[in-house]
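Peer 1: What follows is the residue order along each chain.
There are 2 protein chains.
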Amino acid sequence: MRISFDVIRDELRRILLQEGFTPARAERCATLFAETSLDGVYSHGLNRFPRFVTMIRQGTIDVAAEPVCVEAFGVLERWDGRRGPGNLNAEIAMARTIELARTHGMGCVALRNTNHWMRGGTYGWQAARAGMIGICWTNTNQNLPPWGSREPRIGNNPLIMAVPRAAGAVVLDMALSQFSYGALASYRRQGRRLSVPGGYDAEGRLTDDPGAIEEAGRPLPIGYWKGSGLSILLDMIGALLAAGQPTHRIPNDPLQEAGLTQVFLAFDVSRLFPDGGVDALLDEIVAHLHASAPAEGVDRVYYPGERTLLTRRENRERGIPVDPDIWAAVQAL
Amino acid sequence: MRISFDVIRDELRRILLQEGFTPARAERCATLFAETSLDGVYSHGLNRFPRFVTMIRQGTIDVAAEPVCVEAFGVLERWDGRRGPGNLNAEIAMARTIELARTHGMGCVALRNTNHWMRGGTYGWQAARAGMIGICWTNTNQNLPPWGSREPRIGNNPLIMAVPRAAGAVVLDMALSQFSYGALASYRRQGRRLSVPGGYDAEGRLTDDPGAIEEAGRPLPIGYWKGSGLSILLDMIGALLAAGQPTHRIPNDPLQEAGLTQVFLAFDVSRLFPDGGVDALLDEIVAHLHASAPAEGVDRVYYPGERTLLTRRENRERGIPVDPDIWAAVQAL
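Protein sequence lines, in the order shown, are assigned to chains A and F. Per the working numbering, the first sequence starts with residue 1, numbered consecutively. Per the working numbering, the second sequence starts with residue 1, numbered consecutively.
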């Protein structure tokens, strides 16, 4: 079944008001969830909303808490998220980063003590809409073994990079695991093998069997040792910039995952190219990618974010695909 | 055979003086090459030096060119490398980035029109030695197929992140290909399979056969579609920040690879933690990693850069392992 963006947003807003959000914050938070489903990232949109409400009701997320700037070093600021709703906190942090970049050419906000930001790409699109290059990342709880270990001790720390472009922003939104636990479960339920090796089984053999990876708790970092190292560095840099919690201090129970650390960077492209020319340069790069000879069984090459724009348009026109059970569960909240 | 650091550096300096470097620049450039071999990155140390000299003699590298600041936006500066020696240019760029970070808390230098920086990790170690968080990346010529293509149209754009730490800096130095062409060739010559799948053969099958990947020209980006996206974003962001050449405009002949674009970022940790505490936090993260249960056949988990420090100590004490043929070729220069 498909449901329109407006109907989903209004339903989520109703629930958030009921949970104690102010009207303005309920509107923004509901919009962010609905936009995430609109863009096809169903796992962190509507499908994630019931868990979000559970975490509010058990007190992990404080609906009234707003982030505050605790230290300012000119172009770089440290903010405390005070365990408020993670997507609102992150949107406010990126908005402040953009303000700093408008003033200084670039800006950075390091945010500690926040909650899961849901879809990280949201804040990349936000930067691009403002004409900014945006870079941001978050840490997570321990959900990946570091390279050389069988035990999850690092996070899959999603990393987002975005570039503004008139014909369609270029937005990369990637967790550092090859497949999320959600994706592994989805493949398993459909009885499918992964498209590429996604982790190790309990005996330490590389495998494309999603169930074996889940049982062993050994999903793969992207690029094996490389993604493991990147996760460690993003966690360390975030903890230093924000004076925030590193991954290993974040509770491992998904319902208790709180006190996260995030970093937001923005660069003001209009300052860098006062006479324009940005789109000509980016369009040239995109055209070069689009002209790539496709691999076997592939229609063509897409730039990062291009499919999101296609999905967004389709879901806007036809309604957003919704799991009837999840929609019923949300309506019952 | 092993040769001491000092003997290698002095020999390289002799040659650079002969090629027209000033004494001070010959000293720095030779030191950077020798330190790269000292740290065990042989491919971009002594072993790369003959190609570096070839590129000087054919005019691709201008030994006399020094980088200049062409635009300053406060905390962010654009520099022109003027096709000077890539490692000297990059060291100067990171030194200026560090200066900006001392003044503003953070700093950024975007460098265009430069040459191959040899080992990217060099500039991460440089930032860490100065007490800075350092992040930098470079683009390259087209050496990887973007995801969905069989044709190399993106770069393996090495990305470096570094964190200062009294007990040993944490430094990640990774190209975005799973294996470099140099590594593929080395595995093939030894008749070995890759440790993990490293690319596609000519029929588009994922393989650990290095020769098949070389023949097809289809090495794998880290994380498949993810590393491909990361390469595209790093290239775009670099080209925008530096107003520099994107990957597809860089000549594909390795001996003509010039006019690269690089980005350097630094954050001043001493400003962020005026009362100390950085080492306690980082040591806690490192101890948590070190306590990870090892995987099958692994002795223990290492943090990024840890093995480099071990190699550096060993090579300092015992001399640097050197290929006799390459050493003879260098001495004949």
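Check before you lean on any hint, since a few could be wrong.
[As the list claims (entries may be wrong)] Some chain F residues well away from chain A (every beta-carbon gap over 12 angstroms; in silico):
#	residue
1	R28
2	D62
3	A65
4	A110
5	W147
6	M161
7	P321
[Stated by the list, open to error] Pulled a few chain F residues facing chain A out of the computed Cβ check, cut under 10 angstroms:
#	residue
8	R14
9	L17
10	T22
11	A175
12	E203
13	T207
14	L281
In short, the hints are calculated from the structure, not lab data. No experiment lies behind these values; they were computed from the predicted model shown. For glycine and all other residues, C-beta sits at the position ideal for the given N, C-alpha and C.
Peer 1: Next step is simple, just say for each hint if it's right about the structure.
Peer 2: Structure-based check of each hint:
1. R28: holds, 27 angstroms
2. D62: At about 25 angstroms from chain A, D62/F clears the 12 angstroms cut-off, so the statement holds.
3. A65: holds, 24 angstroms
4. A110: violated, 9 angstroms
5. W147: violated, 7 angstroms
6. M161: Incorrect as stated: the minimum Cβ-Cβ distance to chain A is 4 angstroms, not above 12 angstroms.
7. P321: holds, 22 angstroms
8. R14: It is violated, given that the least Cβ distance between R14/F and chain A is near 37 angstroms, above 10 angstroms.
9. L17: violated, 38 angstroms
10. T22: T22/F check fails; min Cβ-Cβ to chain A is 33 angstroms, beyond 10 angstroms.
11. A175: Given a least distance of 8 angstroms, the restraint on A175/F holds.
12. E203: Constraint on E203/F satisfied, holds at 7 angstroms.
13. T207: Cβ of T207/F sits 12 angstroms from chain A, so the hint is violated.
14. L281: For L281/F, the interface hint holds, since the closest Cβ of chain A sits about 6 angstroms away, which is under 10 angstroms.
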